[in-house]
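Protein chains in written order, with the numbering used here: chain A, 1 to 654; chain B, 1 to 521; chain C, 1 to 103; chain D, 1 to 224.
Derived from the structure by calculation, the hints contain no laboratory data. Quantities reported herein were computed from a predicted structural model and do not represent experimental measurements. Built from N, CA and C at the ideal position, the CB exists for glycine as well. Heads up, some of the hints might be wrong.
Restraint ranges, calculated between C-beta atoms of paired labels, are given here [claimed, not checked]:
#1 B:61 <-> D:65: 34 to 40 angstroms
#2 D:91 <-> B:47: 50 to 56 angstroms
#3 A:3 <-> B:54: 54 to 60 angstroms
#4 B:42 <-> D:158: 17 to 23 angstroms
#5 A:212 <-> B:476: 58 to 64 angstroms
#6 B:392 <-> D:99: 52 to 58 angstroms
#7 B:343 <-> A:68: 43 to 49 angstroms
#8 B:430 <-> A:622: 18 to 24 angstroms
#9 D:155 <-> B:46: 20 to 26 angstroms
#10 B:474 <-> A:21: 50 to 56 angstroms
#11 B:472 <-> A:445: 48 to 54 angstroms
Residue-level listing of the chains:
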Amino acid sequence: MELVWLIPALPLLAFLILIPFGRKLSDPGAGWFATLLVGGSFAVSAAVYLELMSRPADDRVVHQVLFTWIPAGDFSVDIGFLADPVSITMALFITGIGALIHMYSVGYMKGDPKYSKFFTYLSLFVASMLVLVLADNLLLTFLGWEGVGACSYLLISFWFNEEANATAGKKAFVTNRIGDFGFMVGTFLLWMTIGTINYVDIPERLGGITELTATAIVLLFFLGATGKSAQLPLFVWLPDAMAGPTPVSALIHAATMVTSGIFLLTRLEPLLFQAPIAGEVIAWVGLATALVAALAAVAQNDIKKVLAYSTISQLGYMFLALGSGAIVAGMYHMITHAFFKALLFLGSGSIIRSMSHEQDMRLYGRLRKYLPITSITFILGWLAIAGIPPFSGFWSKDEVLAAAYSSENLGVLKWGIGILVALLTAFYMTRLVIMTFFGPKENWRDPEKLEEIGVASSFDDSDPSADAEAHHLEPSHTPKESPWTMTVPLVVLATLATVAGILNLPFADRFKSLEIWLEPVLTHSHEAPVATTLFILAGVAIVAAVLGVIAAYFVYQKQKIPAERIEKPALVHALYINDTYAEVVAGPGTAVFQGIADFDATMVDGAVNGVAKVTTDAGNGLKPLQSGLVRTYALTLSAGAVLLLGYVVMRMSF
Amino acid sequence: MIGLLAHTPDDLAAGNFSHSVSWSAIAPALILMLGGILLLVIVSVFRGKLSSGFFTAWTVIVAGGAIAAAIPLWHDVQEDGARSEMAGSVGLDGFSLFVTGVICISVIFAALFLDGYLRREKLEGPEWYVLLLLSAAGGVTMASANDLLVLFVGLEILSIAVYILAAMHSRRVTSQEAGLKYFVLGAFSSAFLLYGIAFVYGGTGTTNLVSINIFLADNVITQNGLLLAGLALLLVGFGFKIAAVPFHLWTPDVYQGAPTPVVTYMAGGVKVAAFAGMIRVFVVTFGPTYVNEWRPMVYALAVLSLVVGALMAIVQTNVKRMLAFSSISHAGFILLGVLASSDQGTAAALFYLLVYTFMVAGSFGVATLIGRTGDGRQNLGDYRGLGRSRPGLALTFTVFLLAQAGVPLTGGFMAKLYVIGAIVESGMTVLALIAMLSAVISAFLYLRIVVSMYFEASTDSADSEEPAELSGPPVRIPKLAGLALGLALVAVLALGIVPGPATRVAGDATAELVPEVEVPQ
Amino acid sequence: MIVELTQTWYLVLAALIFAIGATGLVIRRNPLVMFMCVELMLNAVNLTFVSFGNMLDDVGGQVFVFFVLVVAAAEVAVGLALVVAITRRRQGATADDLSLMRG
Amino acid sequence: MRVEMFVFVVSGAICVAGALGVVLFRNPVHNALSLVATLFGVAVLFVAQGAYFLAAIQVIVYAGAIVVLFLFVIMLLGVDQDDDVRFEPIPGIRIAAVIVGISLLGMSLIALLSSPDVVTGAPSALAPLDPATPDVNRIGAALFTDYIYAFEITAVLLTIAVVGAVMLSRQSPEVPLDTEEFPDGTMASELAIRREETSVADSVDTDGPEPADAEIAADAAGSE
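Taking the hints into account, I'd like the entire structure generated from these sequences.
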């Protein structure tokens, strides 16, 4: 199969052609062109996938070396691609979702003055992402890693005359640099220890590695992964990154780039099993991130920020799975999440667009009747993420939780926290859906509220191209459903989000197609708990999800209508819980959630800023030395000479 | 050690001189020297009839000629091995030829940027180019010196010409100030270097690097005080020239004040030559025997340069000063290659220097254009909105900055990778970590410039919806400067995407010290 | 007690002159005097070279002095021209006044 | 031996006194003359070590050309007034300079005296100092054989010096372009203002020659 190189080459070709000719192709030519090539890349991926499927299970690897990139003696690095079940799975959903989002953007970006530039960046992003997953060695992966970082930076700051976008772009750049540092050092350490950074050779040479070295390497790569995949403590950039256009959020910050940390650790899976302590760290960091982000999501009013925190929280689940040794569960959740989260983001984009680029959910309400397709697809996505069977999210989340439960140390505690997160997830997602599509009234019709919140909402996905009128939501505004280019991807993704569960059903081994597919590449397999335990766990998860949904329903849908409560005495008890909960939410609870959100803004942000401040202070502290006075320079020079002489005097033999 | 013209003391007594100067061996330096002096002659003959374009063309042709002369020599050296010429005072090896090429490249860039710059500043004159060529001849001499004396003379030729060039912008007070600062401190550091040479002479009995090498290999010096002090003092001199902390203080002031095209040469060619001299002395001559004595000192300089360069750079507001500090940090990186004290380290340092020459030429080249008349618009604010008014220029500058930051697919990434690889190979892992950390800190700095070009609204129009624009007169790009920027851009990207050929050449450019073969009578 | 005069004494004297020159360059503000201090240092180096040459019974030390002299002459010519150029514009400028660029 | 000792002590004292004079005298003309004293002392020491040719060019080139050039520039610029040494814009730099200078001396001395033979190198690596041949011959032979390349390229150095000197001294004092960038660039800087303030403050209690000044004068006179 000599076609593997075509997979990243096609989007790259789109990029190269769009640079000079993008303006000529203009709107919508450039968009369709890019969509076509990314779609072509999907077709090639599918062909490679079928080819691999047709081979025997232990021969499903295509390794293609194009040329030697760095020919430096021992440290020789190739430009080579490795298509095996892990990477081709990634490639499939990157190109698939990528093509859909390209198509969606054709409609979403319509009329933007930098239309063609947007697609130029977007196709470069897809190309980089494909290099990242298909690379056969760590350095080439790093190239893709940097590439996606750069593109994400460019795309976040796409509308760069806005201060917030520029700041967000900067933040993404800086946190990613910290992560990159871990990646680079890890690569060097691995190379020093086992003398190779090629994925094909890594498992063979791992024999002599000590647990300590393996732990150090895995943790360094995990540092890299926390940067890209927005985990504690480097997750600050992701909510801010929502300043970019919504398709970007869907593609980069939900479906693909943020999962590259998971992919990286999956690739280094042989190493992961040499470092149990690192696995434990990964699991707990993932869990903590999942919890903190879920709590923060409850306090958000910006629709995209809710989804952003939700993404961070779901990524935490994936790391929990990896840390617990359940690689397949991690991948499974990654795939289903890619479907439903891309769907939710695109849906939110459709909503935002129909609401004159207003992102504050407090101004939404009863949008169901204006946006029929968006609302139906969005609701399917909501059911998936909330973990309601038989939607895809339920199955994959269940596997992650089962893996956490059966892990060695404090498995039950991990599982318990995981369930809590699941409950919160169901709660905040229901809240979002109710505030947007249902709710008691159409909030933007209230001029006072509009005035109050419209001014307060600092975060504005405003599109400079749209005329000034369209920037502001008017009470008389009537939302309109989006064009077909936008709704078709929604429908496709909604279908996938609904049925993707069948990839890996737990009922019998033969239903676990994903596991069967991935197993040959993995060096270790994970033992699932016995069926009865599994069913009990699943039952608890369903209860948690339903509880979350119900709680949110009572808080947000019903609280304004006390009469109905009295009419339903059967629910009084539930209402009681609801009331206390409402009190908690309104009183100290708000404080907790807001506190967590503030923690993000002050503590974690502060840590990042603190590092920046320390370095700047250090620089400023050195400034007086640079006095501009030539005599002090001369003095420093001779003092330096004295110090060097002093050193050699100590080393002298008399 | 009687060489060249007479072979034995008896020959000398008998007046028996053989005339066997190997002209071809010193051809690159010779071409540069003659090119410079001939230009002076031509100008005095055709006074006033020559356009300044002629000077530029002359300089580019001469520097190109020097590169062309180096190529057959390179093939000779690769086939027949390195050799010493001119009575053992010139070493002809892959190393010196590679460095010759890099210095000439830097000269070509400086000349191309100077052309438009001098017209803009109304300072046209042949002297700039004469000094540039002669200075490059000094640099080439330094790189191929096999004798501390030749190295010193080469260093002075290189430096004095640059002191003058730094002060040549007669309409800038700061240019004169830069010249004087550079001069006073340069002379001061030269005195230290000379004192160091004297100590080495006392310690080994000779200034010839080949002889020193042989002497140290054959004898164990039990009382090594003189030699060690000599090494320390030599390091002061070299540290000054390569702008290593704490001998770096002149760098930002001089880079800021000096005419910007001259800075492309100062930061490129001069540094390359200084590193070449340093590698020849420390790695090749003292490396085999005294590496453990000098390594800790160079280690300290490298760490300080990496850290201080990066920290100071991020608090600057003047772009030329930022780039100056970042060049200090780059010097720290190149010192890693020196520290490795191996063929691999030398090759890494050479590759870094090659990439660095392009990056720095490009970066300061852009600064030349942005400075506009008066060469003074170098504050971060002066770069605001460049992304809109001059998208091509902004993109080019971004690539150079990213390359300096070490982003993959640019030459800068490869260069950093090689030196770090070399240092890891030598077992200095901590230093590799510090280097990577310094690269992370420097990334902020490059980002600041990029952000200012693309994202920041101009202060004047903060309230209005108008897109940010450059303040002051429009930026003009002279054709030659545009050409130079294009070349540098292509080179930086090519070195990042297919570094293979260049690394192979750098790997072949090993420095060797070969005693001169007696010519049969 | 008669102290034997050895070559070492010359070296000590040279080191003393070198240190005085290095100190003087930092202490004085007048650029002309700073150049003079550099000359002092170069002379100290010359003395060192000649002494080492004598101790090693080698002519190399003396040859080196020859080159140092040439370099010193060239340096002075350029340095003084620089001072002339600066003083024309800024009367009585000392090295401390030349500190526009800093930080 | 006595004579050699005497020559060394006297010329050494002249050297040191001259060096101190360069550093301590306030008037540039006096500094230049002190420099002559040092150069002369060094020349005598060259003679004492048998380097007659070097002694000759030391006097001709250094004392005859370089110092005259210094004096010429001092007179040309009219800067033959005393420098104001009372005011020190950079606090503490003098003390620091002296400390660094003394440590520099100390370190050099440790290095020089670390071994009893001082030099550790191979003797007569280039050519022996054969007293039978005149030292002009010896140096000449070395210059035109082993150091031919270095000798030839000094021509380049001198060309650069000539071009540079002409270029720099020809610069016309037009209105500079960077006055906006550095508003104090053409006029007295902040330091000059501070200096005036200090001078006013100091002039109250200064009558007659500075004590330090008198000391230096006595020192210089005594040593010559």
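Cross-check of the supplied hints:
1. B:61 <-> D:65: 34 to 40 angstroms: Taking Cβ atoms as reference, residue 61 (chain B) and residue 65 (chain D) lie about 37 angstroms apart, which means the hint holds.
2. D:91 <-> B:47: 50 to 56 angstroms: holds, 53 angstroms
3. A:3 <-> B:54: 54 to 60 angstroms: Since the Cβ atoms of residue 3 (chain A) and residue 54 (chain B) sit about 56 angstroms apart, the hinted range of 54 to 60 angstroms holds.
4. B:42 <-> D:158: 17 to 23 angstroms: At roughly 20 angstroms between Cβ atoms, residue 158 (chain D) and residue 42 (chain B) fall inside 17 to 23 angstroms, so the hint holds.
5. A:212 <-> B:476: 58 to 64 angstroms: holds, 60 angstroms
6. B:392 <-> D:99: 52 to 58 angstroms: holds, 55 angstroms
7. B:343 <-> A:68: 43 to 49 angstroms: violated, 20 angstroms
8. B:430 <-> A:622: 18 to 24 angstroms: holds, 22 angstroms
9. D:155 <-> B:46: 20 to 26 angstroms: holds, 23 angstroms
10. B:474 <-> A:21: 50 to 56 angstroms: Roughly 28 angstroms apart at Cβ, these two residues miss the hinted range, so it is violated.
11. B:472 <-> A:445: 48 to 54 angstroms: holds, 51 angstroms
Consistency with the previously given hints fails for numbers 7 and 10, ordered from lowest to highest.
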